[in-house]
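Let the hints inform the model, and build the full structure from the sequences given.
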Amino acid sequence: MGRASQDNIHTLTIPTQIGTLIIPSATIAEVLNVPSMTPIPFAPPWVSGVIAWRNTAVSVVSFEALLGTSPLPPVSASKIVVLYPLPGRNRWEFFSIMAVSEPRPQEVNNSAIALPADELPQSPYIAAGLKLRDQPFFIPDFEALRKTFYPQS
Amino acid sequence: MADPKQQQYLSMTFAGSTFLLPGTTGFTIEQRENLTVNEDSDGNASAWRVVRNDRFPAYALDGHFQVVRRVDWERAVFVDSTSGSIGVIVDDVHLLARAQAQVAPFTPLGTAPTSVGPLFGGAWISENGVALVLDPNALVAYLEGLGD
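Chains as they are written, first to last, in my numbering: chain A, 1 to 153; chain B, 1 to 148.
Keep in mind that the hints were calculated from the coordinates and are not lab data. It is possible that part of the hints are untrue.
For the chain A half of the interface with chain B, some residues (derived, Cβ under 7 Å), not all of them [what the hints assert, rightly or not]:
{"hint": "1", "residue": "F42"}
{"hint": "2", "residue": "V47"}
{"hint": "3", "residue": "T56"}
{"hint": "4", "residue": "S59"}
Note that the coordinates shown come from a computational prediction; the quantities given were computed from them, not determined experimentally. Beta carbons: idealized from backbone N, C-alpha and C, even for Gly.
Here it is as structure tokens:
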């Protein structure tokens with residue numbers, strides 16, 4: 001295996017209303033159609049509800065609401081991206097992100113260009129950004145997400 | 001909370017949503033005719049359970065756990081608390097058979113709404129979707145904060 005292929009990172013791009021997120025594939029457990037969602041009383045506005053997935057209850061997070069915009073309800077093209085629990089969390093604490101359309105695999109290598117700060121959404125939940133074939137992708141800040149998801153711990 | 005897989009659960013439905021209460025929780029189901037209904041349109045309590053010189057409120061809640069006042073109800077579930085008991089008006093209540101309730105642990109995201117933690121500590125996964133399992137201490141803490 002050559003050096004170039006070793007440097008490739010397998011990712012998934014997740015389209016949302018605030019732009020396309022890009023996340024390492026290794027953090028993603030499954031992509032599925034939007035199943036029936038149960039609302040959670042007292043959930044913050046960025047939690048759309050909870051779904052049943054593999055005998056586990058998984059919260060659905062709206063990145064749009066996290067970034068301060070109003071999310072649209074799911075449409076037929078919407079998908080749920082289930083992510084593995086964040087570091088230090090219990091093994092059942094999967095969470096998910098609502099995508100507005102089908103996520104796509106994307107290999108990232110050192111040809112990707114970092115987005116300048118003024119082209120990033122002004123949010124603590126976006127750590128950085130990349131430009132690939134002139135399209136911007138935003139990298140979530142998982143540590144910021146962990147602090148917001150689990151403020152008591 | 002004890003091992004959720006070993007417990008029996010009380011299924012409570014109100015405002016179109018179903019929630020489970022662990023069977024280890026002390027509770028009493030009271031019929032409307034045994035309660036003192038709040039005839040005043042003011043106040044949060046819909047009724048009181050009167051025991052000797054004490055009275056314990058029951059609240060009608062919507063699906064977001066906000067207090068509503070309604071007249072079309074027949075029963076309430078009173079959960080034991082350190083100060084007596086406190087109730088929730090329900091449309092349907094029944095015990096789930098032990099084998100029926102496959103409850104998974106669940107941690108709600110975000111800030112807990114009560115001083116004793118999240119309102120929910122588990123989730124019942126069924127072919128109908130997800131029903132959240134109430135944490136009895138958090139439920140009591142929340143209801144006690146509603147006042148009369």
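Against the structure, the hints:
{"no.": "1", "hint": "F42", "result": "4 Å, holds"}
{"no.": "2", "hint": "V47", "result": "5 Å, holds"}
{"no.": "3", "hint": "T56", "result": "5 Å, holds"}
{"no.": "4", "hint": "S59", "result": "5 Å, holds"}
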